[in-house]
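Colleague: Going down the list, the protein sequences come from chains A and B.
At position 391 of the first sequence the residue is numbered 391 (the numbering used here), and the sequence of numbers has no breaks.
At position 63 of the second sequence the residue is numbered 63 (the numbering used here), and the sequence of numbers has no breaks.
Treat the hints as calculated values from the structure; they're not laboratory data.
Since this is a predicted model, take the numbers as computed values, not measurements.
Don't take every hint at face value.
Claimed, not checked - Ranges of calculated distance between the beta carbons of each label pair, as one might list FRET restraints:
#1 B:Ile468 with A:Pro21: 28 to 34 Å
#2 B:Ser8 with A:Leu15: 42 to 48 Å
#3 A:Leu15 with B:Asn356: 32 to 38 Å
We treat Cβ as the ideally placed atom computed from N, Cα and C, and that holds for glycine.
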Amino acid sequence: MIAALLILFPLVTGLICFALPGKRASRLALESSILTFLVSLYAFYAFINGQNELLEVSYPWIPSIGINFHVGIDGISLLLVFLTAFLTPLILLSSQSKAYSQSSNFNALVILMQAALIGVFTAKDAFVFYVFWELALIPIYFISLIWGGENRKPVTFKFFIYTTVGSLLMLASILILYSLTPTGSFEIAAFYALPLPPIYQYIIFTGFFLAFAIKMPIFPLHTWQPDTYVTAPTEGTMLLSGIMLKMGIYGVIRWILPLTPIPVVEWGWIIILLAVIGIVYASIIALKQPNFKRMVAYVSIAHVGLMAAGLFAGNEVALQGVVIQMLAHGINVVGMFYIVDLITRRTGTDVMDQLGGLRNQAPLLATFFLIILMANIALPLTNGFIGEYLLIIGLFQHDVWMAAVAALTIIFGAAYMLNGYQKIMLGAKKELYNHVTDVTTKELLVLVPITIMIIGMGVYPKFFLDISAGPVKEIVNALHQGYSMK
Amino acid sequence: MNALIATSVLGLFAMISEIIGLKKWIWLISTIGIAGILGLTVYEAIAMNGTQEVFYGMIKQNNFSSVFSGLLLSITLLWFLLAKDHYREGNHANPSDQSALIIFATVGGLILTSYTNLTMLFLGIEIVSIPMFILAGSDKKNILSNESSLKYFIMGAFASGIMLFGIALLYGATGSFDLEGISNGLMMVSQNPSMFFLVLIGITFLMMGLAFKVSAAPFHFWVPDVYEGAPTVITAFMSTFVKTAAFVAFFKLFVFGFYSFGMYWIQFFKTEPVWSMQLLFLSAITILVGNIVAVSQTNLKRTLAYSGIAQAGYILLTILLPSPETLTALFIYTASYSISTLVAFTALYHVQKAKNDYSFDAFRGLGKSNPGLAVVLTLAMLSLGGIPPTLGFFAKFYLFKSILAFNGSLIWIILLAILGSLISLYYYFKVIISMFGGDETSTKVEINLSDRIILYAVASLIIILGLIPSILLELGAMII
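So here's chain A without its partners, still in its complex pose (with noise of 0.2 Å):
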């Protein structure tokens, strides 16, 4: 019932907004984001109480075919809705504070977004979770188009049939599925209930990654990426890179891990080296970045690699560092774009050798930078930390070698962050930004959560971690009883 409520509230106001005026659809837009945190806050409350019938609901959709409308909210699944509900407001809040045109169809579409997401999150059924799939493209697709910046054209259509590209190879990989269960149903438990031979493993596999590696992405299908973080406009960015990668991820331990152990155990080697490789590349990459947007765009690619590598790790520990650094990286990020939007907009640049000295005209815009950015560097009592310590824990016990050289992120992650905030805040005084004012109140209702979650999550990760601890290890067991089987 909460499940398929976060969905639909949301659908409903999103489309009511397009018919509003602006003011009022961007005001309906945040309180609907707010009451869908509020719902999803009571989803932890009824998850924690157990009554899960209340998190899942499955209606009759398509009957003929064997298609339900079945969504429903586990320990992982959980945690990304909460993701979703929690920076959905602040992306909002952001984008009060700019004038775009339309504003009123900006907000549904964002509102849109969010519920195509809560869609992905929460299927239980392949069709609805492929249709939501494609649904959250649409809407980032336009929010890039019409408000991107220059050269946003060919960047968001590049976007676009990368991704594309990615969903009808995975409809292939389910239309195969579908085709091998003996009733004829679209119901992920029904597909985790077939015995699948290594053949046709192997190619679900390959459907299935190729829309999962594109989405998160993992090098080298990760060209689209840089351009289109830099070009979308920040609220778009943060979508993108906040939630949507995270649909690529979440896809991986929804699908693959259980569906098609055999490859994932035989092929694991290469995506992982696949991952370290986007690690270190994306890290130089960074370093080397003028533009500090840009190099937020990079290190994402190094930050989504550790992640891929603690996917096909294999164990327990490593697939807790996944669930909890995917929200960990989610609010952090978020935040490291939203502090590049504030200095974008009051200096009007982001490079960074013209910037400089901004602590002294704006104390307060520098503190919450350094807390943001320390999490983003994965300091002890961040969030940051948690994740990327047992995602490094995890893929250790996996291999020492992929472990060691993947451990580099965190000090290129010191040596090219640090550096961008010793160009953008420290230094000498600038009189060309005089005029930059600190952080105003209505920012500071953006910054404040990502504070507190930060720091929240980095001082008792256990709270989270205990969510998801439940389905990650089934999740685990099926993998390794599926490839003993073989």
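Given chain A, work out where chain B should sit, using these hints.
Modeller: Just chain B, lined up with the frame of chain A:
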């Protein structure tokens, strides 16, 4: 049967209505008439038990014909609704001629859904085609329209000739024009090898003629020029109604005529029958040619023409693999394609009328000046490209699903089709990018309120049927 007669009478009435001074009302009369006939068909379908034969069994009414007649009449109805502006004073000189010809073509379409005899097949094809030859040239002062008409006529006549030759050869081999008779006669032929070539050439010729009508490659060369030259409303009718009718006839011929012979062939020779290979080849090449050539087009009208070719490639797969499921897929796919294409052409018509230009540049900034029209066109494009939650997605999904369920080893053609739809996104999105991507604004395209309401209503069908495809599935399941 009554629908057939009623439609013919309506056509005759439309023809003389100009003489008796009803020129102004012709649009209303035709629309209400077609709507009434649609209602009659539905009523008859519900009241009818089993099959009903007329004209000495040359036409047979059953669930198959009822459902597809309903579909064709709905397409004509939607066409009339969307073409309202075309019938306004001053927009066209001979409204009653146009109405009459469109209605006559509808009669031909109705025959094609219910024929059981190759004579009727030929008659139906001609009754659909001849009005189209005339209508393609109905913009008399436009040289492109004249070219379109002439080209269509010459090529169409040639295709009809080949088809007729195929019918004659089949008659020679089996001694029957009747689908059932041919089906039985072919079984006899298998004991008489000297007739074998006659049959194979006959089937191939029939396939060529019909492939021409459904615009499958390599018989598609007339399509872009004819579609571009003909007035946009007529192109809309040609690419939806005519194609759907031809596909229904195609399916009927190959499934009811040749299917059992094909089964026998597989048993006897241990290979797929020759025409299956030919169809597979046609389908694959159509998907590739349609999609690849569409990429380099610079105006929406030609792009839609190639898109129609590419879509024909997907639909051909249903004829290759006939099963109750693929028959439903044929129904859903043609319905989805027709609705989306009609909406796209109507949007194009309004833009073309306002700006006298149908290149992609004409759509620049439309997202700002005419957000409603831009959204409608975007929906049509998303549906043609097969993006959820539109009807086009479900149609494609169901088509692929039904083919895989039929024969899992044909996964490669599904992958080819998926590759094709991927390429298609490139050109479908060209116009979307034009409309929303730029900073420039365009002059507002003025559309009459009633036209706008109709257009929005039809476009909303794309979403409604996409979310509740059970409606179409139930209808499709009734066919057999």
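Colleague: Hints first: check each against the structure and report whether it holds.
Modeller: So, going through the hints one by one against the coordinates:
no.	hint	result
1	B:Ile468 with A:Pro21: 28 to 34 Å	31 Å, holds
2	B:Ser8 with A:Leu15: 42 to 48 Å	45 Å, holds
3	A:Leu15 with B:Asn356: 32 to 38 Å	35 Å, holds
In this structure, every one of the numbered hints holds.
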